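4 protein chains.
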Amino acid sequence: MGKKLRYGMVGGGPGAFIGNVHRKAIASEGTAELVAGCFSTNFEKNLETGDFYNIDKERIYRDYREMAEREKQREDKIDFVSIVTPNSTHFEISKAFLEADIHVMCEKPLCFTSEEAEELYSIAKERNLFFGVMYTYSGYPMVKLAKKFVEDGEIGEIVNVSAEYLQDWLIDQVGGEKQSETKLSVWRTDPKKSGISNCVGDIGSHIENTVAYITGLRPKKLLSVLDYYKMDLDLNANILVEYENGVHGVYSCSQVCVGHLNGLVVRVFGTEGSVEWAQEDPNYLKVTKKNQPEQIYHRGTDYITGRAAELNHIPAGHPEGIVFAVANHYNTFISAIVEKNEGMSIENINLDFPKVEDGVSGVKFIEAAVASSKEGNIWKEV
Amino acid sequence: MGKKLRYGMVGGGPGAFIGNVHRKAIASEGTAELVAGCFSTNFEKNLETGDFYNIDKERIYRDYREMAEREKQREDKIDFVSIVTPNSTHFEISKAFLEADIHVMCEKPLCFTSEEAEELYSIAKERNLFFGVMYTYSGYPMVKLAKKFVEDGEIGEIVNVSAEYLQDWLIDQVGGEKQSETKLSVWRTDPKKSGISNCVGDIGSHIENTVAYITGLRPKKLLSVLDYYKMDLDLNANILVEYENGVHGVYSCSQVCVGHLNGLVVRVFGTEGSVEWAQEDPNYLKVTKKNQPEQIYHRGTDYITGRAAELNHIPAGHPEGIVFAVANHYNTFISAIVEKNEGMSIENINLDFPKVEDGVSGVKFIEAAVASSKEGNIWKEV
Amino acid sequence: MGKKLRYGMVGGGPGAFIGNVHRKAIASEGTAELVAGCFSTNFEKNLETGDFYNIDKERIYRDYREMAEREKQREDKIDFVSIVTPNSTHFEISKAFLEADIHVMCEKPLCFTSEEAEELYSIAKERNLFFGVMYTYSGYPMVKLAKKFVEDGEIGEIVNVSAEYLQDWLIDQVGGEKQSETKLSVWRTDPKKSGISNCVGDIGSHIENTVAYITGLRPKKLLSVLDYYKMDLDLNANILVEYENGVHGVYSCSQVCVGHLNGLVVRVFGTEGSVEWAQEDPNYLKVTKKNQPEQIYHRGTDYITGRAAELNHIPAGHPEGIVFAVANHYNTFISAIVEKNEGMSIENINLDFPKVEDGVSGVKFIEAAVASSKEGNIWKEV
Amino acid sequence: MGKKLRYGMVGGGPGAFIGNVHRKAIASEGTAELVAGCFSTNFEKNLETGDFYNIDKERIYRDYREMAEREKQREDKIDFVSIVTPNSTHFEISKAFLEADIHVMCEKPLCFTSEEAEELYSIAKERNLFFGVMYTYSGYPMVKLAKKFVEDGEIGEIVNVSAEYLQDWLIDQVGGEKQSETKLSVWRTDPKKSGISNCVGDIGSHIENTVAYITGLRPKKLLSVLDYYKMDLDLNANILVEYENGVHGVYSCSQVCVGHLNGLVVRVFGTEGSVEWAQEDPNYLKVTKKNQPEQIYHRGTDYITGRAAELNHIPAGHPEGIVFAVANHYNTFISAIVEKNEGMSIENINLDFPKVEDGVSGVKFIEAAVASSKEGNIWKEV
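Going down the list, the sequences are from chains R, D, L and P.
First residue of the first sequence? That's 242 in the numbering used here, and the numbers climb one at a time after it.
First residue of the second sequence? That's 242 in the numbering used here, and the numbers climb one at a time after it.
First residue of the third sequence? That's 242 in the numbering used here, and the numbers climb one at a time after it.
First residue of the fourth sequence? That's 242 in the numbering used here, and the numbers climb one at a time after it.
Note that these hints are calculated values from the structure, not bench results.
One or more hints might be untrue.
Copies of the same chain are indistinguishable here, so a pair counts whether it falls within one copy or spans any two.
[To be verified] The calculated EDC-like cross-link candidates involving lysine to aspartate or glutamate, where the alpha carbons are at most 16 Å apart (straight line), are:
#: 1; residue 1: Lys461; residue 2: Asp320
#: 2; residue 1: Lys336; residue 2: Glu588
#: 3; residue 1: Lys531; residue 2: Asp413
#: 4; residue 1: Lys471; residue 2: Glu274
#: 5; residue 1: Lys462; residue 2: Glu270
#: 6; residue 1: Lys462; residue 2: Glu513
#: 7; residue 1: Lys527; residue 2: Glu513
#: 8; residue 1: Lys531; residue 2: Asp543
#: 9; residue 1: Lys531; residue 2: Glu395
#: 10; residue 1: Lys615; residue 2: Glu398
#: 11; residue 1: Lys471; residue 2: Glu398
#: 12; residue 1: Lys530; residue 2: Asp413
#: 13; residue 1: Lys433; residue 2: Glu360
#: 14; residue 1: Lys462; residue 2: Asp543
#: 15; residue 1: Lys471; residue 2: Glu622
#: 16; residue 1: Lys527; residue 2: Glu580
#: 17; residue 1: Lys434; residue 2: Glu340
#: 18; residue 1: Lys471; residue 2: Glu359
#: 19; residue 1: Lys286; residue 2: Glu310
#: 20; residue 1: Lys581; residue 2: Glu360
Please read all numbers here as calculations on a predicted model, not as lab measurements.
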């Protein structure tokens with residue numbers, strides 16, 4: 242290769258978890274170089290981060306608007322921007338960069354309303370830009386293997402889906418008394434920054450996306466019970482879903498389930514078998530065929546083929562972590578930009594990264610889940 | 242001791258799984274002797290089973306009515322009867338023995354309708370008889386330990402309950418084509434024998450009972466989605482519940498989830514910690530306190546106290562299986578009879594076995610779950 | 242059946258773990274009835290136990306000699322005796338009953354010296370008696386499945402064996418200070434009762450037996466390091482072995498490995514695959530074929546065939562515990578006696594229970610392990 | 242920071258596993274920049290790799306000697322070199338760079354003989370250079386937590402150590418027929434490139450190092466059984482060890498244990514508790530205190546303190562993989578260089594990375610293990 246893309250970042254100042262992961266993911270692959278940024282609304286911190294990454298001071302911007310405009314005018318403008326800010330700002334920032342004809346990779350959720358989401362989708366389509374939305378978990382090889390098994394008919398017709406995403410880091414918020422306390426990402430419990438939902442918005446949407454990636458199934462309607470425990474936003478949710486094909490599923494997400502740190506678990510059951518994947522142990526996939534012993538597939542082994550094999554970084558038995566899942570999405574996204582720049586026609590480009598369409602679905606899912614619960618736990622179309 | 246109770250059995254002919262487990266459970270403890278029976282409607286098989294157990298031929302009966310009447314008149318009549326027949330017959334058989342003033346241990350579900358259930362409850366109360374309903378799983382020591390931790394406030398206030406019971410033995414019934422094929426217990430898919438529900442009736446009711454045992458919480462209302470896959474009775478169900486105290490939970494049960502054999506898993510989450518128990522690995526209990534490493538408790542260890550310690554049969558590390566869970570219920574039930582016979586007052590007798598009251602709750606739960614689904618997946622009071 | 246064998250027991254007074262397990266195992270199957278016993282050297286306790294089991298007082302004996310002699314003369318004499326006393330007495334008691342022409346099932350280890358062991362072997366052979374030695378673990382169905390896979394060549398040629406049996410119940414004995422304290426089975430640390438070895442004798446011998454059962458391999462020579470930690474007998478041992486065919490293995494046993502209760506784990510590695518079984522989770526068998534995902538076999542499933550399937554008591558997913566492993570051995574032993582009594586020729590009788598030959602091998606293994614360590618951790622022929 | 246160190250690499254051409262991991266580890270942290278290299282003896286491939294990393298062509302060298310000499314003379318010479326070549330070349334390459342006054346991070350094993358190892362040690366000492374040896378596994382936070390627990394006396398006095406490192410990637414070499422076939426790293430089975438040992442050299446040495454890191458214990462003597470299966474170098478080994486303090490341990494390593502990919506497992510048993518860590522699931526540490534339930538510690542949680550907490554990159558529940566373990570070593574190594582360059586005195590510098598001293602111990606361990614086996618499986622001083 243030799244030629245790296247140039248990218249900028251909005252958000253991700255010192256100590257920011259997600260921004261850090263995005264940067265590590267790109268850096269470890271060496272496929273793009275960070276050359277511009279607006280990392281913090283605090284300009285000191287902004288400069289500090291720029292300094293750490295050896296970024297030319299003139300490309301450290303005071304706000305994202307300035308960044309989009311000024312980058313647009315450079316000959317060596319950034320090829321894409323990574324947006325890793327709180328949810329409330331995703332829409333306007335994404336829009337600004339799209340309108341500057343810069344490809345976008347944005348953290349999820351895409352934005353606050355389905356109208357905004359559709360608007361972003363339209364702009365990207367019109368301007369022929371790639372717009373990635375970082376639903377990390379479909380970047381794991383074993384999730385791709387699960388998708389392959391389902392697609393190949395290895396588990397037959399799907400009869401049931403059970404997925405959950407359990408955490409416990411907001412347990413002290415139950416009862417509402419500690420609402421004001423600061424903690425990493427406590428902005429998530431603030432409607433101004435998080436939007437209409439905290440728990441479903443932050444992690445329920447990951448369930449929706451990961452299930453959709455593996456199975457191709459999107460909820461047609463749903464019924465949810467969101468638990469607020471006296472907080473302004475939800476901390477826990479149990480959701481029944483019905484897909485287009487009439488099959489049912491159940492999704493549970495929580496930030497108050499003590500003993501679970503980041504427990505995304507997806508189980509898909511079919512007439513001929515099942516697949517099960519757990520994010521905290523991501524290098525394994527459990528596959529059981531009807532009337533056969535359960536099988537544990539290990540990432541990186543010779544018996545794995547397809548996309549899951551292509552995305553292997555490290556030999557089997559040497560654990561890959563979450564950064565590689567993010568890196569896999571970036572690698573595909575960056576390759577797509579490179580190939581497009583080289584004139585390859587879109588249908589020949591590998592687009593296996595989460596896109597603005599996924600972001601739109603995610604926002605609609607969140608809207609439906611909140612509406613169902615607010616309106617008395619009734620069925621809502623998604 | 243030296244003096245054993247005498248018991249009879251209805252159902253449990255050659256090859257019957259449940260009857261066999263009941264007999265082994267009682268025999269291994271040596272606290273009661275099988276002296277009468279009506280094991281099969283096929284009289285040859287009935288005699289054969291009686292012969293195997295050295296039962297006096299005159300106490301092998303052609304039907305349960307004859308058995309109840311003739312036993313009633315004997316001086317050495319049976320102290321209790323074990324009823325291990327298909328669901329459809331539980332009501333009438335139980336009633337017959339209660340009316341013969343014989344204590345009853347009946348398999349679950351108790352009967353078909355809440356009216357029947359209430360009637361049985363009333364007869365037992367009136368006649369001052371013990372009426373056990375074999376919800377096996379609360380017989381496991383580690384379930385009792387979970388109950389103790391919840392009762393002792395070790396996990397704080399309950400905020401969420403997640404429980405499932407997944408099997409896969411009826412996967413071939415999906416689509417309805419193989420409905421006629423014979424298989425062990427295929428009567429479960431026949432409404433005439435199983436009642437209004439197959440999956441919820443058979444295993445969903447175990448979820449309800451085990452959660453209630455551990456937490457003291459019974460669903461006040463529920464909303465269910467039952468999947469029939471073209472069969473007459475349900476094979477899969479996802480159910481949202483709300484308890485009396487407003488806390489929510491989610492129950493999933495299935496006979497079509499490939500890769501799961503008898504997967505009852507109960508997780509109770511509280512403000513200070515959580516407990517998790519899985520029936521297929523019953524000698525462990527996972528307990529996590531807030532901000533502490535998760536802990537795996539092992540049955541039979543010195544650090545276990547209370548009822549879970551009392552019911553220990555075998556030293557730690559030497560696995561106890563399901564027969565001991567059944568035996569624990571029988572031991573308590575039998576001791577209760579012995580103590581009552583010896584004149585001990587009821588409030589001093591240990592009644593920690595599942596009772597007709599549990600059976601009533603179970604039937605109501607099944608009724609509500611079926612009604613919710615049939616009426617369009619709406620909320621129903623239990 | 243209808244006709245039960247009659248059996249007697251030596252040892253197994255109130256509170257005795259092993260005697261209790263033997264009785265439960267036999268009782269749960271109903272294939273033999275306890276009619277005679279010498280349960281304790283304390284005659285009060287002896288009578289008490291007899292009373293509990295409804296044994297005729299005249300068949301409660303003051304010592305084993307009296308029991309053997311008097312039973313021998315009865316028309317309705319016991320068909321077999323179960324010996325569940327401390328190790329030091331196994332030889333003389335077994336001998337007494339063999340000489341009374343009574344079949345024997347004895348706890349392991351068989352006796353103290355290989356001379357004694359050979360003598361017992363000869364007497365049993367001469368008198369045409371069955372002599373079982375209760376190496377429990379080969380009674381588990383999944384151990385039998387492991388054996389089948391090895392025998393059928395599923396894992397190819399064996400290249401390595403790794404087995405361990407770790408406990409922690411004697412951790413407080415390290416340093417020797419608490420040697421005098423009483424604790425269940427503390428006789429095990431007393432050379433007078435345990436013989437030349439505690440840890441290797443009690444549990445190392447189980448490793449030897451279980452590996453031999455699965456693989457057919459017996460150590461030809463070994464080198465051991467026994468740790469005494471200032472006690473009279475070993476509490477920990479690491480042993481390198483070489484089998485007849487030149488393949489090597491490593492055995493570790495311990496009573497001082499905190500965190501392990503009864504952790505017998507056997508792993509057999511071959512050119513085409515491997516099998517792994519763990520006693521604390523006995524209903525599973527891990528099988529991995531070369532270049533394939535690992536497979537978890539579950540007891541009781543339809544895909545299991547052979548002896549492991551025959552010995553199934555309870556449907557898959559409903560855990561069987563250790564009592565059934567003991568029961569499986571007794572069932573085979575008892576059937577063998579019945580069939581022999583009915584005149585079946587020995588070569589047609591299923592003898593798949595651990596026998597005096599296994600006991601002889603066990604004693605030789607213990608002798609070699611102790612000698613190796615005592616003589617400076619050198620290689621010793623077994 | 243802003244100022245990055247400059248580094249060069251020897252080895253690590255296209256497709257090389259280890260070189261790739263080293264580069265990703267450094268790149269993801271952004272603490273040093275790759276500016277020079279001799280990646281392959283094939284100059285085309287060498288240039289290709291340089292091109293990929295945007296390295297100035299004049300700093301792509303034809304051999305390591307040229308590289309050491311020419312770098313030495315540059316004003317902007319590399320601060321350190323990473324050596325990721327086959328074992329046979331470690332000694333000469335390391336020596337060349339040390340003599341050019343360049344800090345070294347070398348893959349393990351350090352070299353072929355203890356004489357060479359001592360020589361490297363002396364040169365580094367004399368010239369006051371940091372010399373890291375990449376024993377990766379002590380870089381994992383949970384290994385550091387294990388070390389802390391042992392050091393803090395949480396598990397009391399050590400009584401036994403059991404460690405293994407099992408792989409299966411060379412199973413087809415058993416019997417020797419496929420010795421010539423090419424496979425990733427097949428040079429490992431070639432004595433010219435691997436030295437006197439394959440299996441013990443490659444992975445047995447990791448056991449030695451990881452145990453030493455956690456416990457502070459180094460084998461004083463050992464007895465080994467190496468299995469060659471007709472190959473020139475060992476593929477399997479079982480080793481008994483005795484530490485300076487008289488405590489014993491057992492180490493098993495293998496490349497022919499089907500079902501194990503990279504299964505380093507270390508268990509340390511003490512009078513008060515035990516710790517257990519498994520490399521394939523590196524984000525967990527099992528800790529059991531005497532008479533208490535076992536505890537599973539999770540990386541990244543608030544209840545973890547000390548070095549394991551400092552080295553946290555990603556929040557709990559989001560798996561970190563092996564690259565972070567390597568990165569942790571590099572981070573410490575690079576910080577040490579920076580601090581030394583800034584004049585900090587050596588005793589104030591954090592030197593918690595594996596050093597040439599560890600390399601020396603590793604070589605001595607390998608020598609003793611091979612000698613023990615070759616001389617008839619006898620005890621050898623290390």
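Hints and how they fare:
| no. | hint | in the structure |
| --- | --- | --- |
| 1 | Lys461 with Asp320 | neither (36 Å within a copy, 57 Å between copies) |
| 2 | Lys336 with Glu588 | neither (25 Å within a copy, 54 Å between copies) |
| 3 | Lys531 with Asp413 | between (43 Å within a copy, 9 Å between copies) |
| 4 | Lys471 with Glu274 | neither (45 Å within a copy, 51 Å between copies) |
| 5 | Lys462 with Glu270 | neither (40 Å within a copy, 44 Å between copies) |
| 6 | Lys462 with Glu513 | neither (26 Å within a copy, 35 Å between copies) |
| 7 | Lys527 with Glu513 | within (14 Å within a copy, 22 Å between copies) |
| 8 | Lys531 with Asp543 | between (24 Å within a copy, 10 Å between copies) |
| 9 | Lys531 with Glu395 | within (10 Å within a copy, 22 Å between copies) |
| 10 | Lys615 with Glu398 | neither (34 Å within a copy, 24 Å between copies) |
| 11 | Lys471 with Glu398 | between (42 Å within a copy, 14 Å between copies) |
| 12 | Lys530 with Asp413 | between (42 Å within a copy, 13 Å between copies) |
| 13 | Lys433 with Glu360 | neither (21 Å within a copy, 56 Å between copies) |
| 14 | Lys462 with Asp543 | neither (41 Å within a copy, 38 Å between copies) |
| 15 | Lys471 with Glu622 | neither (27 Å within a copy, 25 Å between copies) |
| 16 | Lys527 with Glu580 | neither (35 Å within a copy, 46 Å between copies) |
| 17 | Lys434 with Glu340 | neither (23 Å within a copy, 58 Å between copies) |
| 18 | Lys471 with Glu359 | neither (33 Å within a copy, 38 Å between copies) |
| 19 | Lys286 with Glu310 | neither (22 Å within a copy, 42 Å between copies) |
| 20 | Lys581 with Glu360 | neither (23 Å within a copy, 55 Å between copies) |
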